[in-house]
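All chains, please: the whole structure from these sequences, using the hints.
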Amino acid sequence: MRNSMTVLEFTAVVAIVSFVAGLLGSLTGLGGGVVLVPMLTIFFHVDIRYAIGASLVSVIATSSGAAASYVKEGFSNIRIGMFLEIATTFGALLGAFLATRIPTSALAIIFGAVLLYSAYLSRKPRPPAQRNLPPDPLATRLRLNGSFPDLEGERSYNVQHVPTGFSLMFGAGALSGLLGIGSGAVKVVAMDQAMRIPFKVSTTTSNFMIGVTAAASAGVYLSRGYVDPGLSMPVMLGVLAGSLLGSRILIKAETKSLRLVFSVVILVLGLQMLYNGFWGKI
Amino acid sequence: MPAARAPVPTPQPLQPQPQAQPWDDHWIEVILGNLLRTGVLISAAVVLWGASIYLFRHAHEPADYRVFRGEPSEFRTIHGVIQSVKDGRGRGLIQLGLLLLIATPIARVAFSIVGFAMEHDRMYVAFTLMVLAILLYSLLGSGLGV
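As they're listed, the protein sequences go chains A and B.
Residue 197 in numbering that gives the first Met the number 0 sits at position 198 of the first sequence, with consecutive numbering throughout.
Residue 70 in numbering that gives the first Met the number 0 sits at position 71 of the second sequence, with consecutive numbering throughout.
Keep in mind the hints are simulated off the structure, nothing from the lab.
Incorrect hints may have been included.
As the list claims (entries may be wrong) - Here are the in silico distance ranges between beta carbons for each label pair:
1. Thr-99(A) to Ala-132(B): 16 to 24 angstroms
2. Ser-3(A) to Pro-71(B): 22 to 30 angstroms
3. Ile-52(B) to Pro-162(A): 46 to 54 angstroms
The beta carbon of each residue, even a glycine, is placed where N, CA and C say it ideally should be.
What follows is the structure, given as structure tokens:
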């Protein structure tokens with residue numbers, strides 16, 4: 000896979016890899032963007048800035064493409080989403096400007112650390128859902144509390160720790176803008192663990208937010224010349240097709256072992272990114 | 000999901016109560032979801048169209064992304080992209096598709112303002128305007144609009 004590849008070969012191979020990444024990302028719920036940048040830089044020797052630009056574009060495509068199917072379930076909370084988007088878009092803008100200033104080896108090291116953390120988080124058992132929490136005054140003022148259809152009928156929930164969640168979301172946005180990923184891992188921490196939003200609500204709301212967050216940094220990336228059409232095209236089309244297929248064939252039984260495999264892949268890629276970053280190979 | 004609608008002895012479980020929850024979030028989310036999907040499909044189609052021109056012309060050239068050079072201005076600004084589409088360039092069309100893709104979530108945010116305004120929720124109209132301002136700054140203020 001050295002530079003002897005022609006445009007046609009390169010496009011075909013990158014499209015296939017992106018398709019698999021999108022499929023696995025959607026089946027495991029871990030997102031495809033997180034493996035794309037390391038794959039492109041490690042195996043295809045793509046400059047990390049081009050890889051981030053292409054990944055960011057694919058993140059918008061998957062988030063927006065999946066929104067219609069998520070919406071049918073009716074779990075997402077549009078107010079939580081919009082309120083937290085203030086933090087994520089602002090963070091994303093800052094992250095994108097930072098990305099144009101810091102050295103690529105530092106980008107690789109941060110990316111490696113995020114990958115290791117995502118791998119750890121995907122193996123950690125989810126904390127038990129706490130029900131019937133008392134309403135928080137700030138969350139009530141911001142009208143963040145809501146309800147969603149559950150097996151026993153409408154289940155209502157009260158959002159907690161709004162300032163902590165908001166700050167974490169700013170961080171998630173900054174990482175998204177810096178690394179061109181959806182940063183689902185940080186969003187999960189913010190919404191599940193800090194704000195105590197029920198899982199079904201937080202995953203669907205977070206999906207809605209990812210596209211908007213990525214759009215906030217995409218403008219900066221495009222205008223700085225990080226978005227290459229020849230590279231972004233197979234990445235975006237491949238990831239989109241893979242994730243759309245993945246959302247249709249969600250097989251519950253297989254997901255568990257698939258998650259294990261995928262988190263091992265994330266772990267290995269994370270170590271490789273750290274190595275490349277520290278030894279200046281990027 | 001229909002499975003959730005077991006006959007529970009609650010009064011009028013699914014009737015839309017007049018102004019109890021002011022904005023019936025669901026219908027607006029369905030519209031937003033379809034808006035997003037339509038935007039993605041249109042942009043994917045434009046990217047594919049551009050891809051076929053680009054691959055037809057450049058299939059056998061070497062592909063090399065090892066060294067970062069930055070894109071030329073025709074692929075970095077809205078004006079440049081439109082110009083290269085007019086010139087019939089494949090990569091210009093791909094870039095136009097990507098611009099449409101970026102515009103899709105922004106359209107969703109803009110549409111949400113209408114929803115919150117219809118409900119007289121001034122706080123959320125203000126929040127949404129803030130988000131829209133950040134998005135438009137990124138898209139137009141960072142040099143893309145030049």
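Hints versus structure:
1. Thr-99(A) to Ala-132(B): 16 to 24 angstroms: Given about 21 angstroms between the Cβ atoms, the range holds.
2. Ser-3(A) to Pro-71(B): 22 to 30 angstroms: Once the Cβ atoms are compared, 25 angstroms apart, the range 22 to 30 angstroms for Pro-71(B) and Ser-3(A) holds.
3. Ile-52(B) to Pro-162(A): 46 to 54 angstroms: holds (51 angstroms)
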